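Chain order of the listed sequences is A and B. Be aware that the first sequence starts at 1, since it is given in full-length UniProt numbering, and climbs by one per residue. Be aware that the second sequence starts at 1, since it is given in full-length UniProt numbering, and climbs by one per residue.
It should be emphasised that the hints constitute simulated quantities derived from the structure, not laboratory data. Quantities reported herein were computed from a predicted structural model and do not represent experimental measurements. Ideal placement from N, C-alpha and C gives every residue a C-beta, glycine not left out. It cannot be assumed that every hint is accurate.
[Said to hold, decoys possible] Once the Cα atoms are required to be at most 20 Å apart in a straight line, the calculated DMTMM-like pairs of lysine to aspartate or glutamate come out as:
(1) 128(A) with 152(A)
(2) 181(A) with 178(B)
(3) 156(B) with 429(A)
(4) 669(A) with 177(B)
(5) 41(B) with 600(A)
(6) 150(A) with 59(B)
(7) 217(A) with 111(A)
(8) 343(A) with 163(B)
(9) 89(B) with 375(A)
(10) 669(A) with 59(B)
(11) 181(A) with 66(B)
(12) 89(B) with 340(A)
(13) 181(A) with 59(B)
(14) 585(A) with 574(A)
(15) 89(B) with 111(A)
(16) 334(A) with 167(A)
(17) 669(A) with 66(B)
(18) 181(A) with 67(B)
(19) 153(A) with 177(B)
(20) 150(A) with 66(B)
(21) 156(B) with 574(A)
(22) 153(A) with 67(B)
(23) 153(A) with 58(B)
(24) 157(A) with 66(B)
(25) 153(A) with 163(B)
(26) 150(A) with 67(B)
[Claimed, not checked] Some but not every residue of chain A turned toward chain B, in silico, with C-beta under 10 Å:
(27) 122
(28) 124
(29) 225
[To be verified] Pulled a few chain A residues facing chain B out of the computed Cβ check, cut under 10 Å:
(30) 342
(31) 345
(32) 352
(33) 358
(34) 361
(35) 365
(36) 391
(37) 469
(38) 582
(39) 585
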Amino acid sequence: MADPNRSVVVTDGSNDGSAVSGAAAGVQSSPKTEKGAGTDPGKMDQQTLAAVLQFLKNNNLKEAEAALRQEAKLPDGSGDSSGSSRVATSGEVSSVLSAYESEGDLARYCEYYSSLSSFIESSLDAHKHELGCLLYPVFIHMYLQLVYNKHEKEAQKFFNRFSVEQEDWHQEDLRTLSTVKTREQMEVNDLMDTFRSSKFVLRMSRDSYQSLRRYLKQHDHRELLSILQDHLFIDVFDGVPRNREQVQATSGAMMGEARRDANKVKVLYGLPKEPDINVPLDDDDEGGDGEDKPKKKKQKKDLLLNKNKKADPNAPPPSRIPLPELKDADKLEKVLSWKEGLKRVPLGRDNLPSICFYTLANAFQNVSAVGISEDSSLLAAGFEDCNVRVWSLSPQRLRTMRGASELDQLDKEADDIVERMMDEKSAADSWLLHGHTGPVYATSFSPDREQLLTSSEDGTVRLWSLHTYSNLVVYKGHNYPVWDVQFSPTGYYFVSGGHDRVARLWGTDQFQPIRMFVGHYSDVTCIQYHPNSNYVATGSSDRTVRLWDVLNGNCVRVMTGHKAAVHTLAWSPDGRYLASAGVDKNVLLWDIAYGRLLAEMKGHTDPVYSLCFSREGTILASGGIDNTVKIWDVQKVFEEIAGSDDLTSLDRASLVEVGPLLLGSFATKATPVLKLHFTHRNLLLGCGRYQHN
Amino acid sequence: MMQNMNDSHAPPPSQQSTETTAASGASTSAPGERKFAQIPKESVKAHAESIGISEVSDDVAAMVAEDACYRLREVMQASCQFMRHAKRKRLTAEDFNRALRWGNVEPMYGHNSPDPMVFRPTKDAELYFYEDKEINLTEFAMETILPRNPGETTVKAQWLVVEGRDKGAGSSPALSEELVQYYDQVTRAILGGNEQLIKTALADLRTNSRVSALLPYFVYLVGEVKSISHDLEALTRLLQTAQALIQNPHLYLGPYLKQLVASVMYCILEPLAASINPLNDHWALRDYAARLLAQICRSGCMSVEGLQKQLLLALQKVLVDPARPLCSHYGAVVGLTALGSKAVEDVLYPQLGTYWPFLQSWMEDRTISNAQAKADAHRVQGAILSAAELLLKTYQQNGSDPHAESSHESSPNQSPHHPDASDFTIGTFGHLLESNSTAGSNSHRRDKGPVPITQIYSDLYSFFGDSLAVRVGNGAPFVPAKEEESDQDAEPIVEAGSSAFPTVQVERADLPPMLPLLGMVSP
């Protein structure tokens, strides 16, 4: 125990096995731990093993235990080196918590912390900022140990003395922490649950790490050592230590930074080849014979889509995820959107978009969600009074389908059967959808605009038909508020995420989820499907953004840098870049290829709730409850990184230096910007509810 | 305890923000102590008493108080989450109740009113309490005043930005102090007498991009022309203001254009109070307003075809109304001239046959009492001559194709030619005029084909005689035509007798000299 070489958990990427120090971590067998460590099979095995051993021991099956130990080549249980006394109690919770039980001199925690703090302060500037990251997790765990061991007074003193020294962005969690003042409260608190079951991740250069080891050797602070060992994961890399800006850029997440190996998997972010579409169109400008027509169309299409015609090396194989087959209507839709795209206005720093704003008037029940269909023809708003309302933004009014008996009389072979099915008399400007029993937090149109998904505080996701304006399916599974839901770009699949920290992938025809994306330490607050349907990005109130592979449910990217909950995400049209924003008012831009933070866009003065890339991906629009729309020059960033493809410095990657990116800031009268959407022609649509105060 | 609960769920947002600043300030002492809602054990005891438990020991009260604090903070944090996801800045009682429900606690009813609770002191003791008036339910139920239906939720679209340019309409939040001051200063300068100040103010209005927020106010100001029609000076200033707004490249006039045009038309057509005094040069004002109208039409912002039609109709209506004073007729003529040669040809020219005799009757009146009217009539005649000149010169420049693009170079207002306005004068209101022209006007209009230029010229010559020839100048391609046709073509005009105007025989020899009047209309 006295040897810091052994007790501090270290990995430098090559030796995953050493991430777990023997049986000392073995007791941690709560489901949460397994989930959190899901990407690390070696560790999980160890823990399972330890859990089994514990079980055998508890049930007094000594022979079996001894046999297992021998087989697993583990030291004898009686000679356990861990300082914690693991009294077998009934609850699993207390067995985990017991890690906090300490025989050391708790009264000296203040001294230990000050010593560590002054060591860091006095260390070389090069190491100072990397080592500084240690203070927050050490502070938290010292406080929790004090509380757990019923030193409430000392805990309070400790907290009051040092909490002010922590970085601003930790204050939210510190507030939660400060409410926990007794052991009993610790046992029921979600955040405490996270802290005790998962390790706080720090990245550090080898030099900084060596200097920490020297410090630990000099000062034999047992409690500090055990905290570092049990609750921290120090990811050591070879290279120059990071400076203050670099450290700050990626810090802020609830459980520290991402492990380097968490972002190593190759992400197939490219877009698949556009399918050949030969839909006979009622084209007015062509009088040629039937044979000629499709050929011409193809040629025209080739011109536009030649980028996609070349096989993108980063695109997933088309059959990677089974996708719904294109119906004739879908093909027509694609052609129409492509035609609309021909009329697109190129946007850029010299050519800002026009913004058309849809203001919701008379919404006394407060609007909590707004969705706009891909083709910009429909608008859906979710309200806090549990209702959803759908409007048409085009001159086409909204009609329902005829009744069954009337439908029966129609000639099903007729060319315009879809048109005939609709009841002209029912045409209305908007439809109200009743069904949820809590505020509606998200709405999402299916790509064919025949269905609408909504998620609500009542713990359900509902699927609505936009032919009959009635509820088709209720998806139950989250059991807690569902903060967001989104259809895949191809339809059929959708993803929901909520307070239960899990994002679920569903198929519209199944009432059980197909995949569960588990790993966030706190609520999944927002979801964005990747344009190629193979990945899903989620944002969370644990202040991370994660990317999940739909194929196997693995987390393939963890991106840290937000200093508060993430509330909105947007993919660039080429699928490589992701923008995120939320309560910390900053808009961050990520390169998914390497999971690297590219740029930070500051300017909003209140939480940001909406992001959207222009159709060709040159500018980014953001909007929030500070009642402004801001336009950012992301093209500048893309141009910069295209020039320097420096991948070697990834470990200490810093923001791309390009100067200010803000192109314009436009205020509404008194309307929060809840939704932004670029039409195919690059007209920016905004939506919100007028706030009269 | 209930009171404390109420107490704590109202202020959290502000509390949070102060907390954060206190924490980042780093030097504050013991921030944990005062940060959060605290429930003293005395409150616990008081509450226990209120529900009939009298003996609560200090220990128990302290423990309950601490636990209640913890629960309360937990619920507050959870309720903030509901606020964030509802995308609001303000925490509501409903958020708090939602958090309670998810914590399996009975929500608190009766706190959903958006009005703040009144916190007031008792008269005798130093005790404060929330006012909680009793409501008589019977009275409440019998109340005849029904709450107003708030109306259905609707979506309204509006432009926030056009091609990166801020639009006044959507983007003016409550006017800032600065803007109000700016408006004040500019209006005072414009309506004051200091030439230098007026110049500066107008120059700024022409160039300042931030005027967009004040656009509605300035448009309203220009609309005041109707209430100051006795003050020529002020009318001119307001027209100048309108002109400055139109010239400002940062402004999108949009819905306000109509109001501006209405104000300008008022100055052109109305028999302003200022015109009662013959010493007032209201003619110049009308000319200026007409030039402004031409400028608006040419600036391209009047893309609404309907508006142009309306303008022509309004001008025509005034022209054919013999009850209107001559100064209004004058306005109609200069207005039409400003709108271009096509407007002159389509509206003014067909009316001349009936209007000329009417005008003649005024000009021939030699009674002293009507001297003023006679002078006015001469002014109108001068304006018509200018219009005729414009028409003929346009033909002259475009050869004899009447549908060639009309040039504005020769129009009296001398504004630069604007390409956008070109289609405006061509062929768009031919049909309009066919249906609207008064009966029996001109025989040439009855056949659908375009009127030959020689015809027009001879018609006009029959009214103006040589003064027209002087204006159009020698060497014109149709000068010979004048000699051939002038004699024969005097006839049809005499025929045109069935109009609203009193018919008078016209003889060319009677045309009075008109040169002194030309200065008013010509450039």
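>> Need the list of violated hint numbers for this structure, in ascending order.
In response: 1, 2, 5, 9, 10, 12, 14, 15, 16, 17, 19, 21, 25, 27, 28, 29, 30, 37 and 39
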